[in-house]
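*Asks:* Take a look at the letters that make up each chain.
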Amino acid sequence: MSRTPLGLILFHWLFALFMLAPLVVVVLVSFTDKGYIALPFDGASWRWYRAILDATDFIDSFKLSLGLGALSATVAVLLAVPAAMAIAWHRFAGRDAILGLLLSPLMLPPIVLGIALLRLFTHIGATGTLWGLTAAHTVIVLPYVLRLVIAAATGYDHALSQAATSLGASAWTRFRRIELPQLLPGIAGGWIIAFITSFDEVTMSLFVSGARTATLPVRMYNHIANTIDPLLASLSTVLIVLTLILMIILDRAFGLDRVLGGKA
Amino acid sequence: MNRTPYWLAGPGILAALVFVALPLVLTMALSFSPFSNASGVGSGFTVTNYVQIATDGYYLAIFRRTFELALLVTGICVAIGVPEAYVLSRLSPGMRAVSLVIVLGPLLISVIVRTLGWTILLGNEGIINRVLLASGLTTEPVKLMYTFTGMTLALVHVLVPFMVLSVWASLQKLDPATEQAAESLGASTATVMTRIVLPQVLPGVLSGGLIVFALAASAFATPAIIGGRRLKVVPTTIYDEFLGNLNWPLGAALSLVLLVIVLAISLGANRYVERRFRQVFQ
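Quick note, the sequences are listed as chains A and B, same order.
Everything in the first sequence is counted per our numbering, starting at 15 for the first residue and increasing by one.
Everything in the second sequence is counted per our numbering, starting at 25 for the first residue and increasing by one.
Think of the hints as simulated: they come from the structure by calculation, not from any bench.
Mixed in with the good hints, there may be bad ones.
Unchecked claim - Covered by chain B, according to a simulated footprint, are these stretches of chain A (three or more residues, beta-carbon under 8 angstroms):
no. : segment
1   : 25-36
2   : 133-140
3   : 233-239
4   : 265-271
Claimed, not checked - Distance ranges between label pairs, derived from CB positions:
no. : chain 1 : residue 1 : chain 2 : residue 2 : range
5   : A       : GLY21     : B       : TYR82     : 41 to 47 angstroms
6   : A       : VAL252    : B       : TYR82     : 39 to 45 angstroms
7   : B       : TYR296    : A       : GLY21     : 31 to 37 angstroms
8   : B       : PRO223    : A       : ARG272    : 22 to 28 angstroms
9   : B       : TYR296    : A       : ALA65     : 51 to 57 angstroms
10  : A       : ALA183    : B       : TYR296    : 47 to 53 angstroms
11  : B       : ALA293    : A       : ALA58     : 48 to 54 angstroms
12  : B       : ARG88     : A       : ALA185    : 54 to 60 angstroms
13  : A       : ILE259    : B       : PRO35     : 30 to 36 angstroms
14  : A       : THR168    : B       : ALA214    : 38 to 44 angstroms
15  : A       : VAL252    : B       : ALA214    : 45 to 51 angstroms
16  : A       : ALA185    : B       : LEU84     : 55 to 61 angstroms
17  : B       : VAL75     : A       : ARG109    : 38 to 44 angstroms
As the list claims (entries may be wrong) - Now the stretches of chain A that chain B is said to cover, found in silico as 3 or more residues with beta-carbon under 8 angstroms:
no. : segment
18  : 148-161
19  : 217-229
We put the beta carbon where it would ideally sit given N, CA and C, even for glycine.
Pulled out of the complex, with its shape left as it was, chain A reads as follows (with noise of 0.2 angstroms):
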């Protein structure tokens, strides 16, 4: 292969530039020991975050976002295994418009499901309430478990399945020692993009969570409609160094292009 051309390096350095410099003036401002948000700033300090531990009510937001990620990527693998095992190894009448229904929610809106949300759950009195909160970010964090999972399944050897069932394997049994394994690479991966799409979530939430109920992207949305102060910096530093994180072991695990690509 011959050389790079100069010039399409230094494109690819002024986009790295481009997608890092928001990030980077985030992390910076936070450090600022002024009460607004300036840039450049004379001295550095602690004080938001310090002041986050006061900031109780987004306390409680990231813990309610990082339970109700967890639990509505659990209830999404528990929904998304057997759907995608039916989908990937039966050939059966409907199958298409099943797999339609059940992806339907990367093709729609956020806002038009919020509102449609919204509109179900005031009819049945589950506005604001947790259960329907992890209802709606299930339908949406499903799509992305369920085609991971289906890629995990595509290539798996049936013969593996005929074998323990001749050896008296029961449905159960083989299930369990034998096609979970093999699924599990897509289950893991789903279920933390699941999380990730689910924690970082806000335009539906906006609809459909209430004030004891409000998730974090959901509060921060609120607070910077109000006002821009540092907190919110410092808050958003902190997202970004766990997201650092969570990234490089996802690079380690699965490689990052491959775990995203499952999200476009």
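The hints should help you fit chain B onto chain A, whose structure is shown.
*Replies:* Structure of chain B alone, referenced to chain A:
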């Protein structure tokens, strides 16, 4: 008949029917309900909401702005995302790993955090303006917050990783021998790009463009924060009708119009791509 697949997929189907299909049907019904400021949502059937959207210049302007924004964002993402994916594929493995984290990593970071970064960069006292003033390119701060330009910049940042990812995926399938063959036959870099690489990654460009377009047209948080109350797009208008004016029927009608347009464009373009590039997908 084998019932197993239906039992396996049943719980997932039930969840999607109750929490996706049913809410959409209810929203459709809502969009045909009358509304008055005095009594709220009434009963009965009316097409007033749709007539209002189709005839009121205020809403037409918002729809036009939304799709102009989505088109512009898609165009810029193609223009910078395609070359970036190409460079990525030619970097050394170590460099590529770092670059992938920089380029794709932001996908994992909350849109709120990324948009907050842009509000810091774009303000009148923001860094972009400081650099512009210091370099003497302008004598007065350029207004970027609450402008179409600012919204476009921030949305490109949020969505361009999808384009890179999509083109990257089709570059992976590309046989480097075709490039080498062209080079050994004396083709210039530009010729290799336009005659060898681009035609093969075109499906990736088109499907990436579709994703970016659909996401740009339905984006809420970034336009809401950067565009503010005055520079409205369809999603921020829906939000205001629902949670501000409490005119749910009009908000529902706006949602369905947005949904139908986005779906029609996505499915239409998808069908075109599949027919046009059938041999590439095989």
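*Asks:* The structure should be examined with respect to each hint, and the outcome stated for every one.
*Replies:* To see whether the hints hold, each was checked on the structure:
no. : hint                                    : in the structure
1   : 25-36                                   : holds (count 9)
2   : 133-140                                 : holds (count 3)
3   : 233-239                                 : holds (count 4)
4   : 265-271                                 : holds (count 3)
5   : A:GLY21 x B:TYR82: 41 to 47 angstroms   : 46 angstroms, holds
6   : A:VAL252 x B:TYR82: 39 to 45 angstroms  : 41 angstroms, holds
7   : B:TYR296 x A:GLY21: 31 to 37 angstroms  : 33 angstroms, holds
8   : B:PRO223 x A:ARG272: 22 to 28 angstroms : 25 angstroms, holds
9   : B:TYR296 x A:ALA65: 51 to 57 angstroms  : 53 angstroms, holds
10  : A:ALA183 x B:TYR296: 47 to 53 angstroms : 48 angstroms, holds
11  : B:ALA293 x A:ALA58: 48 to 54 angstroms  : 50 angstroms, holds
12  : B:ARG88 x A:ALA185: 54 to 60 angstroms  : 57 angstroms, holds
13  : A:ILE259 x B:PRO35: 30 to 36 angstroms  : 34 angstroms, holds
14  : A:THR168 x B:ALA214: 38 to 44 angstroms : 39 angstroms, holds
15  : A:VAL252 x B:ALA214: 45 to 51 angstroms : 46 angstroms, holds
16  : A:ALA185 x B:LEU84: 55 to 61 angstroms  : 59 angstroms, holds
17  : B:VAL75 x A:ARG109: 38 to 44 angstroms  : 41 angstroms, holds
18  : 148-161                                 : holds (count 6)
19  : 217-229                                 : holds (count 3)
The structure fails none of the hints (numbered hints given earlier).
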